[in-house]
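Using the sequences and the hints, build the whole thing.
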Amino acid sequence: MTYFKLFTNCIVSKGIARSLICDLQRQSSTLIPNDLVAIITELDSATSVEDLFRQYGAENRETISEYLAYLTENEYGFYCESLEEFNRFPPMSTAFSGSGKITNAVIEVSEDMERNLGTILEQLNGLRCTSLVLMFYRPMDIDGLQSVLERFDGTEISSVEIVTAYHEAVGADFLKNLNARLTPLTSILFYNAPFDRTDPWDRNIYFDVRFSRSNIHSFKHCGIVSAAYFDTNFPKVLEAMNHNSCLHKKIGIDIHGNIKNCPAMETSFGNIRETKLAEALEHPGFKQYWGLTKDDIAVCRDCEYRYICTDCRAYTGRTHIDTGGLDTSKPLKCGYDPYTNEWAEWSVHPLRQEAIRYYGLEELVRNNE
Amino acid sequence: MILIFSEVNDLSTLAVAGYLDDYGVPYTVVLKTDTLRYTDADKGTLYIGENKICLKDIHAVWFRRGKFFIRSNAFKDRELDLYLYENNVIIEDYVNYKLEQVKSIGSAAGLHVNKLIVLEKAKACGLTVPDYCLEHDFQQQDATYIVKGVNGNTHFNSDQLRIILPVVKLNDSHSSGLSFFQRYTEKKYELRIFYLHGRFWSMAIFSQNDPQTTTDFRKYNKERPNRNIPYTLPTAIEAKLTCLMESLSLNTGSIDMIVTPSLEHVFLEVNPVGQFGMVSLPCNYNLEKEIADFLKS
Ligand code: SF4
Numbered sequence: 001m002t003y004f005k006l007f008t009n010c011i012v013s014k015g016i017a018r019s020l021i022c023d024l025q026r027q028s029s030t031l032i033p034n035d036l037v038a039i040i041t042e043l044d045s046a047t048s049v050e051d052l053f054r055q056y057g058a059e060n061r062e063t064i065s066e067y068l069a070y071l072t073e074n075e076y077g078f079y080c081e082s083l084e085e086f087n088r089f090p091p092m093s094t095a096f097s098g099s100g101k102i103t104n105a106v107i108e109v110s111e112d113m114e115r116n117l118g119t120i121l122e123q124l125n126g127l128r129c130t131s132l133v134l135m136f137y138r139p140m141d142i143d144g145l146q147s148v149l150e151r152f153d154g155t156e157i158s159s160v161e162i163v164t165a166y167h168e169a170v171g172a173d174f175l176k177n178l179n180a181r182l183t184p185l186t187s188i189l190f191y192n193a194p195f196d197r198t199d200p201w202d203r204n205i206y207f208d209v210r211f212s213r214s215n216i217h218s219f220k221h222c223g224i225v226s227a228a229y230f231d232t233n234f235p236k237v238l239e240a241m242n243h244n245s246c247l248h249k250k251i252g253i254d255i256h257g258n259i260k261n262c263p264a265m266e267t268s269f270g271n272i273r274e275t276k277l278a279e280a281l282e283h284p285g286f287k288q289y290w291g292l293t294k295d296d297i298a299v300c301r302d303c304e305y306r307y308i309c310t311d312c313r314a315y316t317g318r319t320h321i322d323t324g325g326l327d328t329s330k331p332l333k334c335g336y337d338p339y340t341n342e343w344a345e346w347s348v349h350p351l352r353q354e355a356i357r358y359y360g361l362e363e364l365v366r367n368n369e
Numbered sequence: 001m002i003l004i005f006s007e008v009n010d011l012s013t014l015a016v017a018g019y020l021d022d023y024g025v026p027y028t029v030v031l032k033t034d035t036l037r038y039t040d041a042d043k044g045t046l047y048i049g050e051n052k053i054c055l056k057d058i059h060a061v062w063f064r065r066g067k068f069f070i071r072s073n074a075f076k077d078r079e080l081d082l083y084l085y086e087n088n089v090i091i092e093d094y095v096n097y098k099l100e101q102v103k104s105i106g107s108a109a110g111l112h113v114n115k116l117i118v119l120e121k122a123k124a125c126g127l128t129v130p131d132y133c134l135e136h137d138f139q140q141q142d143a144t145y146i147v148k149g150v151n152g153n154t155h156f157n158s159d160q161l162r163i164i165l166p167v168v169k170l171n172d173s174h175s176s177g178l179s180f181f182q183r184y185t186e187k188k189y190e191l192r193i194f195y196l197h198g199r200f201w202s203m204a205i206f207s208q209n210d211p212q213t214t215t216d217f218r219k220y221n222k223e224r225p226n227r228n229i230p231y232t233l234p235t236a237i238e239a240k241l242t243c244l245m246e247s248l249s250l251n252t253g254s255i256d257m258i259v260t261p262s263l264e265h266v267f268l269e270v271n272p273v274g275q276f277g278m279v280s281l282p283c284n285y286n287l288e289k290e291i292a293d294f295l296k297s
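Residue numbers (my numbering), protein chains in the order written: chain A, 1 to 369; chain B, 1 to 297.
Reference excerpt, derived from the structure (chain B facing chain A, CB under 10 Å, subset only): (1) 15; (2) 20; (3) 21; (4) 204; (5) 206; (6) 224; (7) 227; (8) 230; (9) 231; (10) 232; (11) 259; (12) 263; (13) 283; (14) 284; (15) 286.
If you're looking for bench data, these hints aren't it; they were derived computationally from the structure. Where a beta carbon is used, it is the ideal one built from N, C-alpha and C, also for glycine.
Here is the structure:
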C-alpha cells in the first residue's frame with residue numbers, strides 16, 4: 001500500500017469557500033480548492049492512495065491523480081511506502097514560543113515624552129522588549145533624531161522603526177548622518193513627502209527608507225488589512241494560530257503618555273508619568289486580547305487568510321461581543337469577504353458607516369478617496 | 001546557580017538565557033574572554049572576573065562552548081612558563097572534573113571524538129554503518145566508495161566531497177597518505193538528530209529530489225530548499241543510539257543518519273558539540289526551552 005504525506009511544515013488553513021496552504025518552510029502561501037483539502041485530510045488520516053481512489057470511484061480518478069501530481073510537483077507532499085513509514089512523520093507542533101514579557105512596543109512620542117525617553121527605554125529593556133516603533137507626529141532634525149538614537153546605547157533593543165514628517169533637509173546626507181554610529185534603526189518612514197518611494201537598506205544607508213505622501217498625524221491610519229500585508233512568516237503564523245497576531249506581547253504608549261496594549265485602543269492602564277510599564281502589564285485587563293485568535297473572530301474564522309493576516313482590535317466592525325466582553329468583530333478596515341472571495345473598498349460599505357463615525361475616521365476615509 | 005560556558009552573541013545561548021530570565025533562575029555565562037580563577041576556599045570557589053561563585057551553589061553546568069581554563073601569564077621565561085602551564089592544566093582538569101559532577105550538558109572533555117572508534121562502537125551497539133576501509137593507495141576502481149577525511153567530522157571534506165559520483169578521483173596529495181574510504185549509501189532521506197540525556201529530536205531532510213544535493217544537503221539550494229520535517233526514530237534505533245552515546249560517555253550530541261530507499265537506518269557520525277538550532281527551528285521543537293527546563297529543574 002502507498003500512503004501520501006503532506007510535508008508537516010505545510011499547514012492547510014481551511015476557509016469556507018476555498019483554502020490556503022501555508023508553506024512555513026518556504027514562507028509562501030498558495031490558494032487551493034476545498035475539494036483538495038478534503039483529499040488531503042483523507043490522506044493525512046492514513047487512508048492509502050489505493051483506498052482513496054477506490055472511495056472516490058472511477059469518475060474522479062483523473063482529478064485525484066492531477067491533485068496528487070500537483071502536490072508532488074510543488075513539493076507539498078511525498079509518498080510513503082508503508083503505514084510504518086507514514087507514521088514516522090509526526091505532525092509538527094504548532095505551539096508558539098519565545099521568551100520575554102514583551103516583544104514589541106509602539107510609542108507616540110510627544111515633545112514632552114522625548115525628554116524622558118531614556119527612562120521609558122530602560123523600562124522596555126528591563127521587560128526584554130526587542131523591537132520598537134517610535135511615532136513622531138512632527139518633523140525631526142538630524143540632531144533630534146541622533147539624540148533619540150543615542151538613548152538606545154546599552155539596551156538590548158535590536159530593531160527600531162521611526163515614523164516622522166518629511167522636511168526639506170531630508171536627503172542623502174541627512175540619512176548618511178544617521179549612520180554615523182551603530183544604532184538599532186531598521187527603518188524610517190517620512191510621511192507628508194512629495195512622493196511615494198521605498199529605498200531598501202544598502203551599503204550606504206543601513207536601514208530601509210520610505211517616503212509617503214500620506215499625512216500621518218494620529219494612529220488612525222493603522223489597522224488596514226490588505227493582501228499586500230499578508231505574510232507567511234514561520235514564527236508569525238505560529239503566533240497567529242495561538243495568540244492575537246497584532247496585540248500579543250505588545251505595549252503601547254499614546255501621545256498623552258497613557259499605557260495601553262496599542263496606542264489606538266481605548267483602555268488605558270495608567271500614565272507613564274506615574275505608572276511603571278511593568279505595573280501596567282500586571283493589570284488584569286492588559287492582556288485580555290492576547291489570546292484572542294482569528295479563530296475566535298467573526299468572519300475571520302471562516303477566512304482562509306486568517307493565519308497570515310494581522311488583526312486589529314482598535315478599529316473593528318463593532319458587531320460582535322463575546323461572553324467575556326471582548327470585541328470579536330471583524331477588523332473594520334478589511335474589505336475581504338471570505339464567503340465570496342471578493343475584495344471591496346471597506347470604507348464605503350453601508351454597514352461600516354456607524355463604526356467609521358464612532359472612531360472618528362470620516363476625515364481619513366475622505367482623504368483616501 | 002547555572003553555569004554556562006559559551007561565546008559572545010551565541011544565539012542558542014541567548015535564547016536559552018531568555019527562558020532562564022523568564023523563570024527567574026540565576027545563571028552565569030562564562031565567555032572565553034573572561035579571566036577565571038579557582039581557590040579551594042568554601043569547598044571550592046570560582047572567580048569569573050570579579051564575580052565569585054561557590055561550587056556548591058552550582059547545580060547545573062552547560063558546556064556549550066569551552067570549559068574552565070586559566071589564562072597563563074607569559075613571563076617570557078620558558079622554564080617558568082612551562083612550569084605554570086603544567087600547574088594550570090592540573091587545576092583546570094580538576095575544576096572541570098568537579099563541574100562535571102553536577103547535572104551537565106556536554107562535558108569539558110568530550111569535545112572531540114575519534115571517527116574510527118565511533119564507527120566501531122556503533123557497530124558494536126548494533127547500528128548499521130556504511131562499509132569503510134583505511135587504505136594507503138586505494139586502487140580499487142569501485143565507484144561506490146567516496147573518500148573522506150579520516151580525522152574528526154570532516155565528513156564532507158570540501159575538496160574531496162565535490163567528487164561527483166560515480167567518478168572517484170583523488171587529489172595527488174592524498175594518494176600517498178592514509179585515506180578513509182566509505183561506501184556511498186543511497187538515501188531516501190537524511191536524518192539530523194539532537195540527543196540530550198536519553199531523549200531524541202529528529203529531523204528528516206529530503207534532499208534526494210534535487211540531483212545537486214544528493215551527496216551533501218549543506219550545498220544548499222536556495223530556490224527550493226530541501227524539505228526538513230520532524231521525524232520519529234523507531235524505538236529499536238533509539239535504543240542502539242543510546243547504547244552508542246553511553247559507550248562514548250556523551251550526554252548530548254547531534255547525530256547524522258541516512259534512511260535508505262529500503263527504509264534501513266544507517267549511522268554516519270556523531271558531533272558532540274551538537275548544534276541544535278538547525279533541528280529546533282525547522283521542526284519547531286523549541287529545544288532552547290527544553291534545555292532551559294533541563295538546566296532549571
Ligand atoms: S476577513 Fe479580512 S481581516 Fe479577517 S482574516 Fe480574512 S483578510 Fe484578514
